[in-house]
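Protein chains: 2
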Amino acid sequence: SFALHSEKSVPDFNSFAARTNTCGELRSAHVGQDVTLCGWVQYQRQNLFLVLRDFQGLTQLIIPQDEAHSHVKSILCSVPMESVLRVTGTVCFRPPEQKNPRIPTGDIEVKVKTAEILNSSKKLPFEIKEFTKKSETLRMQYRYLDLRSSQMQYNLRLRSQMVMRMREYLCNLHGFVDVETPTLFKRTPGGAKEFLVPSREPGKFYSLPQSPQQFKQLLMIGGLDRYFQVARCYRDEGSKPDRQPEFTQIDIEMSFVDKSGIQRLIEGLLQYSWPEEKSPITIPFPSMSYAEALAAYGTDKPDTRFGMKIIDVSDLFRSVDIGLIQNVLRKPQGTVKAICVPQGMRCLQNKNLESLKETAKSRFNQEVLHLVLGPDGSLKSPMSKFLNREQQSELIRALNIQVDDVVLLAAGEHKKACSVLGNLRLESATLLEATGLVLRDPTAFHFLWVVDFPLFLPKEEKPAELESAHHPFTAPHPSDTSLLYSEPTKVRSQHYDLVLNGSEIGGGSIRIHNAQQQRFVLEKVLKEDPELLSHLLEALACGAPPHGGIALGLDRLICLIVGAPSIRDVIAFPKSFKGYDLMGSAPDQIGPEELEPYHIRVAWPVAEVAAKKN
Amino acid sequence: SFALHSEKSVPDFNSFAARTNTCGELRSAHVGQDVTLCGWVQYQRQNLFLVLRDFQGLTQLIIPQDEAHSHVKSILCSVPMESVLRVTGTVCFRPPEQKNPRIPTGDIEVKVKTAEILNSSKKLPFEIKEFTKKSETLRMQYRYLDLRSSQMQYNLRLRSQMVMRMREYLCNLHGFVDVETPTLFKRTPGGAKEFLVPSREPGKFYSLPQSPQQFKQLLMIGGLDRYFQVARCYRDEGSKPDRQPEFTQIDIEMSFVDKSGIQRLIEGLLQYSWPEEKSPITIPFPSMSYAEALAAYGTDKPDTRFGMKIIDVSDLFRSVDIGLIQNVLRKPQGTVKAICVPQGMRCLQNKNLESLKETAKSRFNQEVLHLVLGPDGSLKSPMSKFLNREQQSELIRALNIQVDDVVLLAAGEHKKACSVLGNLRLESATLLEATGLVLRDPTAFHFLWVVDFPLFLPKEEKPAELESAHHPFTAPHPSDTSLLYSEPTKVRSQHYDLVLNGSEIGGGSIRIHNAQQQRFVLEKVLKEDPELLSHLLEALACGAPPHGGIALGLDRLICLIVGAPSIRDVIAFPKSFKGYDLMGSAPDQIGPEELEPYHIRVAWPVAEVAAKKN
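The listed protein sequences derive, respectively, from chains H and S. Whatever position you read off the first sequence (first residue = 1), add 2 for our numbering. Whatever position you read off the second sequence (first residue = 1), add 2 for our numbering.
In isolation and in its complexed conformation, chain H is listed as follows (with noise of 0.2 Å):
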């Protein structure tokens, strides 16, 4: 029995069960083998033939016509469709014009010797076929109807599959230990978006927490070394497109680690959990700081699976005579950049070009140029006129412009420009795609670390407090801590962002290990109360180890993996954008008297109050 420990063997999907094969599992060697087969009805053809489908496929039954099976054919012509069946045959070729290639049982059917209806179905409010159109209500009330398709089949099966590579690599290779941490547990500072739970104390409750942030820091203050945690984590966001209430991270925490640790020991765990059947992936994954990626991109989660890059052509604006260009110059920080869609000329209509200018002036107040390079070498704008021969050159040079090129072109402050063309960047390849060039090959996975964010960010309501960038437990990188004390909104982070295609699948950091300068950063530079993590202040001072760690985002990275539209696709009971169960209808109404124990009431809006008074 040794052998089956081997992580490459098949696991026994019969086991235990009353059956002797699935329905996905029976090929040519099995002829001749009597079996016994258990699934869902999937149809049935014209009293002869019937199809009986399980999690592994499909499986064509004869109906036997003989006398002495009457009563088998009158269950198997009459049996509803979905109803639940036990069967017992022999397994046979199939003759061969009706063998079918594209399943994998193709070549078999079993003539059928014993039949029983182990649970008979009503009609279904929708059929469990590749291609039934769905609408999503419909989908979500009947859940598990919905999980029946072979997409959601695979979608979860993939997913625990991959999990279960993930725990092989951590606990197994590299001695991580899984350690369960409390979801019941008490408001983060400045955690406004956690769930509340009321407690049977009159006033107090407990709080869902948002992720095991704090107590994966204090498991390395307790010399657990490595920590791993497949964690469901809880936000309160309202509504929100594609966000779960609820949602799952791959947490992990170690000590006596750098960043070049933890990004090393994440490029080996996705390696080794990544599903076969898709492309490779290859480590070490490109690093790029956020700098970089906003200027070349536009964004702090780059798809490189592109070109497009923003360029900086401010050098060679500064001699060109436009007041507008000028003016922007002139101010700190003020640039102009530009971006070249390939074959735009071809690709993108008068008004797709209108769009993503229009785009450019109502989300960002920016204005945008173009230009075209035309057959004859020369740029057509209307721009074009005010720059000479020599400096259409130098920007054909720069943005390697070819023919039917068109480069759109933005001039203002630096962060601003550059997020302008990184959206018109997307913006475009989209419209290019939908012409049919594939720029963002939906099979290929382009992992990206995204490094030396800034520590600390203005608040956006008032530009003279600071927030952290990430949080407030994020160390400063080695070569500016000195700078904490002096200028923090130049203090880079060890804050690392782990990206695919696009997506930021993770994001993690060395943290501060050293009471004082987290005390520091809390008291001084962001002005919270310590009282509130005064457990963690007090824990950091008994012998905390350096550590630092990283959480992915399970549900999105499985998504991405398996080219799900939505993240409720790789989640087996997901909740609608509003926050609702639409199969079992949560959150539901709650009586006064249920309240009572938790001392609370419900404080009714004074519309629904009025409402209900008339």
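Honestly, I wouldn't trust all of these hints.
Note that the list lumps identical chains together, so a pair holds whenever it fits in one copy or between two copies.
[To be verified] With a straight-line cut-off of 30 Å between C-alpha atoms, the simulated DSS-like cross-links for lysine-lysine are:
(1) Lys580 / Lys135
(2) Lys136 / Lys206
(3) Lys529 / Lys124
(4) Lys303 / Lys363
(5) Lys206 / Lys242
(6) Lys195 / Lys206
(7) Lys195 / Lys580
(8) Lys580 / Lys206
(9) Lys124 / Lys135
(10) Lys124 / Lys464
(11) Lys526 / Lys124
(12) Lys353 / Lys382
(13) Lys492 / Lys311
(14) Lys303 / Lys387
(15) Lys115 / Lys75
FYI, nobody ran anything at the bench for these hints, they're computed from the structure.
Given chain H, put chain S in place with the hints provided.
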């Protein structure tokens, strides 16, 4: 690197970290190697030795005494206990007289070349040593220090490894799919112990479910075939000793399976994941009906590590002329039961016997008599005069009474008499063990299946009404199905409990898969509103496969395996028995403005409002 994947390989604890070895790793074979160690200062002796500790053990460091290393010496001589160090040095043999065979690294020591204080520690509230006595409150308040103890490290690591082996067995060997189910759901009918989570919709609440019961059944209906999850569950029971508001169960469900299929699966699971260093377990586990367990042990979770079974001596006493006993025997279910406490005369003092009888009286309102077999072979007891010689020998034979044994005897209704004696059996065992006898070997693991429970029980407050003995989804025993409609109290269920050394560590059942039967149970037997479970009833009608499952209480199981006094010792951050987190002080006060988005207000109890006014 593929060799690393084999399951017997030792994890690499030093990968990605700033050390070459752990503090528990070095042996004679390493002598001569230059190593880097990171760890905590356990103690320092005479400015000559320093012992460094990490999760894996202790290593003795030799403090250099030569001038060239004066800086290193001054660091190592002044560093506070429990500070975090990184040192480099050379592994050497200890002088023969200093070898310490009691620790794995006792043959070697490390001559330090460089030392760096990674973090200095303040004086801790207690020492991190094996036998440091500390109060439970102190341990909980400084849990991160308590976790540094070798016992807590062992408990959490064993838990992690055992769960990993369970996952290998379920996922890799038997094709189970690890599916995460929601914890924000709606209230279950009768789910009075469910925590509530206010939503942003006025008056509407999520519930934190006590188990994924509904979801796992819906997954079977969704064709997932084999589901497992290490599931976080929630139960608000107020204060209960050794219960936790959140706990973990190994949650399993399978389609096309019967009771014996689940039992064999679980036996295999436990055998496969059983820690190597513990006494091995043998499978299959013995099985006992609920009726047998009650009759022989007076409980549904018998500790089968020792005898002292309850014997029915009713027939023998029918002819004994004691009015009290005759009165009992004339009643329905009237019985006389006895247990024989071996060597009770030598091990139990009179006050012990009185206290046993007092327990029976105060907790059960039951008289208990006692008899002793004297060295002359006659029974000593006030009642013995009512027994003739033949009756005495019959009793001695029936209970296999030896000289100096004490017999405890109870006359009463069957179930009550059994419960009382079952209780006294355990209390007597504790008393005998206090004298040095070993009845319940703490290193032995006796598993037992208890089966054939009643499906329904009369409600305690309203005995005319019925409630589910376990839950309303449990299927009736196949032989008793017809009784469901005529005499529901006589129906046995397809529920099974798994008992280990007298503790229930799991329970499950084959479920009802027929929608009509489920509706009948809910509506007609339990008189519950089926509307609350309409989604499940609808799902059962849509081709639900026959299915069943089980849940193992992970915290309790690990607790029994490591022999911990409380489940708090196998949970990283447990709550106190009042549900408090003493480290972070949860639950915590929440202000009205933070409650506003959830449309709730605190309903202060009258007493507190009054107190505030004064």
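Each hint, compared with the structure:
1. Proximity of Lys580 and Lys135 under a CA criterion of 30 Å is satisfied intra-copy only: 23 Å inside one chain copy versus 52 Å between copies.
2. Proximity of Lys136 and Lys206 under a CA criterion of 30 Å is satisfied inter-copy only: 29 Å between copies versus 45 Å inside one chain copy.
3. Taking the shortest alpha-carbon separations for Lys529 and Lys124, only the inter-copy value of 25 Å comes in at or below 30 Å, while the best intra-copy value is 63 Å.
4. In the homo-oligomer, the alpha carbons of Lys303 and Lys363 lie at most 30 Å apart inside one protomer (23 Å), although the nearest pairing across protomers, at 73 Å, exceeds that limit.
5. Proximity of Lys206 and Lys242 under a CA criterion of 30 Å is satisfied in both settings, with 29 Å inside one chain copy and 19 Å between copies.
6. With identical chains, the CA atoms of Lys195 and Lys206 are at most 30 Å apart both within one copy (17 Å) and between copies (18 Å).
7. Proximity of Lys195 and Lys580 under a CA criterion of 30 Å is satisfied in both settings, with 15 Å inside one chain copy and 27 Å between copies.
8. Within a single copy, Lys580 and Lys206 get their C-alpha atoms as close as 27 Å, and across copies as close as 13 Å, so both meet the 30 Å cut-off.
9. In the homo-oligomer, the alpha carbons of Lys124 and Lys135 lie at most 30 Å apart inside one protomer (20 Å), although the nearest pairing across protomers, at 65 Å, exceeds that limit.
10. Taking the closest pair of Cα atoms, Lys124 and Lys464 never come within 30 Å of each other, the shortest separation being 60 Å inside a single copy and 38 Å across copies.
11. Taking the shortest Cα distances, Lys526 and Lys124 sit within 30 Å of each other only across copies (23 Å), while inside one copy they are farther apart (66 Å).
12. In the homo-oligomer, the alpha carbons of Lys353 and Lys382 lie at most 30 Å apart inside one protomer (18 Å), although the nearest pairing across protomers, at 108 Å, exceeds that limit.
13. Proximity of Lys492 and Lys311 under a CA criterion of 30 Å is satisfied intra-copy only: 26 Å inside one chain copy versus 76 Å between copies.
14. Proximity of Lys303 to Lys387 under the C-alpha cut-off of 30 Å is found in neither arrangement, the shortest distances being 37 Å within a copy and 92 Å between copies.
15. Taking the shortest alpha-carbon separations for Lys115 and Lys75, only the intra-copy value of 10 Å comes in at or below 30 Å, while the best inter-copy value is 85 Å.
Violated hints, in rising order: 10 and 14; the structure is consistent with all others.
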